[in-house]
Amino acid sequence: DGGITQSPKYLFRKEGQNVTLSCEQNLNHDAMYWYRQDPGQGLRLIYYSQIVNDFQKGDIAEGYSVSREKKESFPLTVTSAQKNPTAFYLCASSTAGSSYNEQFFGPGTRLTVL
Amino acid sequence: GDSVTQMEGPVTLSEEAFLTINCTYTATGYPSLFWYVQYPGEGLQLLLKATKADDKGSNKGFEATYRKETTSFHLEKGSVQVSDSAVYFCALDMDSSYKLIFGSGTRLLVRP
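First to last, the sequence lines map onto chains A and B.
The opening position of the first sequence corresponds to residue 1108 in the numbering used here, with each subsequent residue numbered one higher.
The opening position of the second sequence corresponds to residue 524 in the numbering used here, with each subsequent residue numbered one higher.
Hints listed in this document are in silico derivations from the structure and should not be mistaken for laboratory results.
Some clues are possibly wrong.
[As the list claims (entries may be wrong)] The calculated DSSO-like cross-link candidates involving lysine-lysine, where the alpha carbons are at most 30 Å apart (straight line), are:
| no. | chain 1 | residue 1 | chain 2 | residue 2 |
| --- | --- | --- | --- | --- |
| 1 | A | LYS1164 | B | LYS575 |
| 2 | A | LYS1116 | B | LYS583 |
| 3 | A | LYS1164 | A | LYS1178 |
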């Protein structure tokens, strides 16, 4: 079955540590996205990538980094520079060249900083 | 800039009640409009969409009509079930844009 997988589902880290969240898709989508969701709030865009080896900052990129070495994969690193990293992180993907941007979401990773 | 405004929740209804969740948008062009649903602890799922004015999106008993004159895309369902309890997000995208702009979400609680 085609879809988006994120791992792990729950992640705990100590302050000062970097941590990498995995996102893989087998939908053959060109574009991939990372969002952050805080309790009672909407989604905020962290980074997005339209093609391999290219990515752009979203609205809240500070303290995060990404890579896009393969079409299927778009890992997100939460660095120690991110001041409030505890949140629910969602990865999404979409086709390029569509007349509208329907995004497909993974199940999310809940990151907690101890 | 472009934005989406949703009614604040939670919206609490009894089973079989009629549901309306209001969504209005601000956009300089002609966006496509979406409703996504998020069940507890999960990612978002596309519920329905409309790509041009007067289009009606529908799925699983939910409907929303793209009203350009009122810049609205209200979500409705005639008879809600307990299983509809979730958070509902309205979103828009602009032509040639890879970004979706989301509203803040509306939590729906349906009681038996």
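Structure versus earlier hints - violations, ascending order:
Of the numbered hints, all hold.
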